[in-house]
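J.: These protein sequences, in sequence, are chains A and B. Start counting the first sequence at 127; every next residue gets the next number (our numbering). Start counting the second sequence at 3; every next residue gets the next number (our numbering).
Honestly, the hints are just simulated from the structure, not real lab data. Every residue, glycine too, gets a C-beta built ideally from N, C-alpha and C. Just to be clear, a hint being listed does not mean it is correct.
Stated by the list, open to error - To spell it out: a stretch of chain A is covered by chain B in this simulated footprint if at least three of its residues, at any positions, have a beta carbon under 8 Å from a beta carbon of chain B; those stretches are:
(1) 359-368
(2) 377-385
(3) 563-577
(4) 580-590
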Amino acid sequence: MGIFEYAPAPESRDLANLKPHYRPFVNGEFVDGSGEPLKTINPATEEVLAEVGTASVSDVDTAVKAARKAYTGVWSKMPGSERAKYLFRIARLIQERSRELAVLESLDNGKPIKESRDSDVPTAAAHFFYHAGWADKLDYAGYGPNPKPLGVAGQVIPWNFPLLMLAWKIAPALATGNTVVLKPAETTPLTALVFAEICRQAELPPGVVNILPGAGDIGAALVGHGDVNKVAFTGSTEVGKAIQRQIAGTSKKLTLELGGKAANIVFDDAALDQAVEGIVNGIFFNQGHVCCAGSRLLVQESIAEELLEKLRHRVSTLRLGDPLDKNTDIGAINSAEQLAKIKGLVESGDAEGAERWTSPCPVPERGFFFAPTVFSEVQQSMRIAREEIFGPVLSVLTFRTPDEAVTKANNTPYGLSAGIWTEKGSRILWMANQLRAGVVWANTFNRFDPAAPFGGYQESGFGREGGRTGLEAYLDV
Amino acid sequence: MSDRISVAKTYKLYIGGKFPRSESGRVYPVTDAKGKFLANASHASRKDVRDAVSAARKAFGGWSAATAYNRGQVLYRVAEVLEGRREQFVAEVSASEGVAAKKAQSLVDAAIDRWVWYAGWTDKIATVLGAANPVAGPYFSFTVPEPTGVVGVLAPQQSSLLGLVSVLAPVLATGSTAVVVSSADRPLPAITLSEVLATSDLPGGVANILTGRAAELGSWLASHGDVNALDPTGAEPSARADLARDAAGTVKRVLTVPDAEPDWTADADIARLRRYLEAKTVWHPLGV
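Bound conformation, chain B alone:
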């Protein structure tokens, strides 16, 4: 008797709450840090980007209109399901990033904790960033933050889970929706995160995760007329100027990111939340 033959996995994309293959039919092999084959991942195409943007736009109305409390509940539920898959994430992070199990554990724990941290922001950010404006006249004027819309995210290439969570969770916490291109060489934690999102209470389309190449897909996200903001973290530093130029065609909000990937284990702040929020100021006369 030989050893059992394992089931070879070919993973799919996550678009609109479903798991389609790439429209292009392409797949690419994913290996661990030492080059050993792990699985095949879908190689997303321009058309997949467009489908994902449509799904994200469609989901934006409901997600942005949900109460902040409800969004917080949904995001916390995601953290619960993440915790349930902790061991799988540890194995995948360890294989993807070539780190020891202990290090992988701490990265996964940090990712789960970060998701919880952002989940708690949904119903607090308006208090922190909003205002009652003391205007010089008989008017009630107040300012509230509102989600920017559909955000294109080029996820970090190195940090396969903690980095991904650190760039995706703030988008969702604001009430924006996301189209994410995962790390090209380390996509397994992103694929498993898709499965987590699909089996928690997050409405389909709120987060869409594509496995593929930022260099190929970034410009389609940057120039897409229905994408409102772009996070170029996962793009090559040399490609970022072109992405920013593409983004100018629709006055997209483009995140300023450092050349090198930051240390994701450092504490997060609300800077990323601020980037995906517009300030709306409402005026009404006072009188009897």
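The shape of chain A in the complex, shown without the other chains:
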């Protein structure tokens, strides 16, 4: 156990203003979808939170038509300076309703309140602020004068950062003059539907934003719809490939943010205590449900033992449990299905001969939880070193030279992110050059900002989100 005992410090769940029923949002109205309603549950307790109406394939068509009408009739005609004001309004409303959104996100997703409160919601607001400013400055974005929007964007987002991924998708789409139909993940639809309320509060013209809860079939119908001009997807590489295949040969513009298996590389001259914090943040942030998580720790051999000891000690102080408790470090795994996937991969690590260490932290009896786990003696050929686990499971490998670190780090079809820990500046810059990854964090990890482009190499997808670079995804250039 840790040095300190912590009394429970729960955030009030009443702040979430949870309603018994939620409905799809089409053409500025909450409507009855004709799909089978789904029950969204709290993964920390397995209790039903709310019933959510879902879309059917015909609803997809209705929503796309609404988005098209709003695009041609209103949104594409509106001066950028006017569009900007709507985005600023939305940003402010997210801030004003931030406590509600944070609690609701933690209830629906299982992530610790300190993360939804301090990271997800403020960063979502920041994305709207940032992109609001672009709406009337697109001539200066570097794509020539007066770049045009694409039209209707079909967007499909994952369950790991439900509100933040919505912001990453909707803010640049609206700023550049597109209208959107967005499908949130099946297990985490609630904050997207509160966002729909925010769109109404902001008096956004009807049809500019449409939200359709549903499962993969609705995503496929949306992506495949003949009147969608742009597809943006964040999720697994497997589904990303299927989408790329599905829309092959059409004129739809596509961007993909897919999986990763990031190397977090620690050299013998790194500030070890800081590195340990970065490693913990890199893999245990958001229960490891992060595509850019530092899931492969590469440690220089001479310090491997010392670092592992510090790491295990630090990990054993992480508090796992109630996501609404302000002292919780690790919340719930988002679904039973995901928990089963994590367990399966961990078992493969055992079977392939890696050495498993699991934090002795107490694990709640109800809900979907997985104690932080660190595998050492990991070989590159093992599944736990190659496949994305998407859970609080770290694989530790060793290296001797910088060249070997680069070779091992790049030995993956993915290429989303990487970490470097060393006090030597020239080595940081050399390593950053060599690593085939879209984001490189040196002496830090998991930093995000709307002004900094984010996205992958190779099978981690194509296109960027954030910065000037990210605007390209929504412009006809």
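Starting from the known structure of chain A, fit chain B onto it as the hints suggest.
T.: Same frame as chain A, now just chain B:
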């Protein structure tokens, strides 16, 4: 005395800086626009594609790591050698495309000028597309463009030199390496370009040029696990959906191209450079 018998030419492929025959042993006759025999060209096979991809991958490390200034020098040197062979290109373009000598001259001049234009981009594109990101925290964050990797290029079928240069030069300027399938019926300018590349300072393997059929070779390039991007310009429009599906297996970047061949004499922009560049964002804390 009869007229001198000319030396009949059988051309080879350009892979890894060398000129091998097709592994398949196949050749096909190349004729001019009126059907008169010009030469035999190698008919590249699937195995030749694989060899060319290996060569391009092997060359990628060195070419992408070369300084942008150095890459610009090398590409400009290519333009110099192109200029030296101007008359040969004019004759071949004229014969291949069935255009008058004057028109062929202007196409060749435009191709050389375009090569020079792209050569000048190597050390400027990072300034234009990169950024220092003003993030809300004590971090230095910057974004730099980096080459995507090995690019498979199905060169235009009609424009035998200007079109070819317009699709190949941007790949090389980014620091990516290329495997090109030339125009099937008009390959002579591509073969001569291979000779130019081989005798300038371009490292072997950076550009590989195969004479053959896009319809036969395209899917091998599109599905190859070690090819990072695909330009389907030279494929039949009806074949492009299949190529894009093949490319999805490895999340390849596939260029969006118009159905009909564009007017290559129009000014180029940096769109093609952008397609072969990834943005890398690097973060470091600020502090004392």
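J.: For each hint, tell me whether it holds in the structure or not.
T.: Right, here's what the structure says about each hint:
{"no.": "1", "hint": "359-368", "verdict": "holds (count 4)"}
{"no.": "2", "hint": "377-385", "verdict": "holds (count 4)"}
{"no.": "3", "hint": "563-577", "verdict": "holds (count 11)"}
{"no.": "4", "hint": "580-590", "verdict": "holds (count 9)"}
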